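Asks: Which chain is which? The protein sequence lines are E and F, in order.
Each residue of the first sequence is one higher than the last, beginning at 1 in the numbering used here.
Each residue of the second sequence is one higher than the last, beginning at 1001 in the numbering used here.
If you're looking for bench data, these hints aren't it; they were derived computationally from the structure.
Bear in mind the structure is a predicted one, so any value in this text is a computation, not a measurement.
Every residue gets a Cβ at the ideal spot worked out from N, C-alpha and C, and that includes glycine.
Hints are supplied without guarantee of correctness; some may be wrong.
Simulated DEER-style distance windows between Cβ atoms [to be verified]:
hint	chain 1	residue 1	chain 2	residue 2	range
1	F	1094	E	98	20 to 30 Å
2	F	1251	E	179	45 to 55 Å
3	F	1153	E	179	49 to 59 Å
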Amino acid sequence: MSLKSRKMVGIGATGVFMFATILAVLILVILIFEIVSSGYKDLDWKFITSPPSVLSAEKAGIWPALMGSIWLMALTAVISIPVGIGAAIYLEELTVKNKLTRIIEVNISNLAGVPSIVYGILGLGIFVRQFHMGRSVLAGALTMSLLILPVIIVSAREALKAVPDSIRQAAYGLGATKIQTIWHHVLPAAVPGIVTGIILALSRAVGETAPIAMIGALSYIHDAPKGVMSSFTALPLQIYNWISYPQKEFHEIAGAAILVLLILLLTMNSIAITIRQRFERNRQW
Amino acid sequence: MTIVPTQPKVEEGGIRAGAPILSTRNVWIRYGDHAAIKNVSMEIQEKRITAIIGPSGCGKSTLLRSFNRMNDFIENLSTEGQVCYRGENVYKKGIDPVEVRRKIGMVFQKPNPFPKTIFKNVSWGLSINGIKDNMADRVEKALIQVALFDEVKDKLNKSGLELSGGQQQRLCIARAIALEPEIVLMDEPCSALDPIATMRIEDLLLELKKKYTIVIVTHNMQQAARVSDKCAFFYNGDLIEFGETEQVFTRPREKQTEQYVTGRIG
C-alpha cells in the first residue's frame, strides 16, 4: 500500500471512531434534555417530601420511593460489599488455582450476565417465600445483592490483580503472614478499583426495576420504610407505575422522578471518580 | 568438583565468624519437569558475604529464594533436599515459613518500598512482628546503618516512593535489617541502579557484614569480585565451583568458571 493510501485509511478510521463517540454523547445529551425539559417544572421540595397520590398528580410526591431506594441501596451495600470483597480476596489471594477455582471463576463471570428478572424470581422464591421475609426491604436488598455480587467480585479481583507482586514479596520478605500482607498492603493499594466497582454496581442496583417488581415491592406505599422488614417501593418502580397511568399529568411527574433518580446516579458516579482520583494520586507504579 | 573446607576463625568477642549458618544438601528445585537447580550442596558462612554468580537463567535467584522459602509462592515449583538454617531444615514439616523469613531477610532486584511513609516502611516489619517499643529509635538506628538517615531525617513522613532509586534500595535494606535478621539475601540489588548508587550499596555491604551474613546474587562479576568473600559459580542449574572469591577469579579450578570470569561464556 502506498503511503498516501495508508494515510487515507488513517483519516477514514479516525472519522469513524469520532462519529461513534459523538453519537454516544449526542444520544445522552438528547436523553438528558428530554428528561429535564419534561420534569423540571414539577420538581420542587414538596414533590420530594410528599407521598404519592393515585388521585392527583398535583399532590403526588416521591418521598416513600426515594427513601425506599436509599434504604435498598444502603442495605444492599452492607450485604454485598463485605461478601464481594471477601470472595474476591479468597479467589485472588488465598486459594490455590485449580480446576475447581477456575470453574467458580468462570461461573461468577457468567452470573454477571444473567438477566436481572431471573434474580427477581430467585429472590421471590428464596427470600420472600422460603425464608418468609415477605415483601420487605431486606428481601429486596438480598435480591439486589445477588444481582450485583458478581460485578463487585469481578471488579475487586481485577483491582487486586493490578497490585504489583513486588509489594507482596516485600511484605512476605519481612516475615508477614498472608493476611497481614493483604490487610496492610494489597487491600489499601486496591481500594480505588474496588470502590469504583462497588459504586457502579450499586448504581445499577438503584436503577434496576425488574427484580424488585418481581419480588413484589408495592408501588403504592404511603410512608418511608421504618426498618428492614418494612414493605417498600423504589424510584424506578414508582416511575414505571406513573407512566402506566392514562393521565398526562402523571407522565410529567414521572419525568420529575426520573430526574431525581438521574441526579442520584450521577452523584454516585462522581463520588466514584473522586475516590479513584484521590487514591491514585498516592500511587506510583 | 571439590570444596575446600574453610577453618572457622575465632574473632574478637569469641564470635565464630566463618562457621556455617546456612547449608544446602542435595537440593533440587524444579519448575514442573524442568530442573532449575540440580543437586546443589553448599555452605554459607556466618558474617561473610557470599556471592552467587552465573549467566541469566542459571537458577541462582531460584536457589537464593529457597533459603527463606520465598519460592513457596510460585506455583508448580518443587523443592527436594535440605536447606538447613543453623542445622534445621527450613523445609521440614511443621516449620513456619513466616518464622524463617523473620530470621532470613530479603532485598529484591527492583527497589520495592511500600507506598507508605519512609518511617512506616521501616517500622511496619517491626510492628507486625510484635515489636512496638522504642519504634523511633529502632527506625533511626536502621536508617543510620544504611547511611540514609541524614538524607531523610527531615522527611520521615514523606512517601518512600519519593526517594531516588538508590535511596529506595537503601530504604529496603534498612527495612530488612530493622528486624535484626541473621541473614540478608540480596537478589541483584544493584541491577536497577546507576554506578554511584551501586558503589554506595557496595560500601554498605562491607559495613553490614560485621553484623549480618549476606548472600548476594549478581550477574555483575566485578561486583562479586569487589564485595564477596566467597563466590559460587552456577551454570545451567549446576554448582560448578565454590570457593574463596580471590581463588575463583584468579585461579579457577574448573574450565567453565574460567571461561565465565574471563567473559567467554555468559
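Asks: None of the hints should be skipped; say for each whether it holds.
Replies: Here is what the structure says about each hint:
Separation of residue 1094 of chain F from residue 98 of chain E is about 25 Å and conforms to the stated range, judged on CB atoms against 20 to 30 Å. Distance hint check: the CB atoms of residue 1251 of chain F and residue 179 of chain E are about 51 Å apart, consistent with the given range 45 to 55 Å. A beta carbon spacing of about 33 Å between residue 1153 of chain F and residue 179 of chain E contradicts the range 49 to 59 Å that was offered as a hint.
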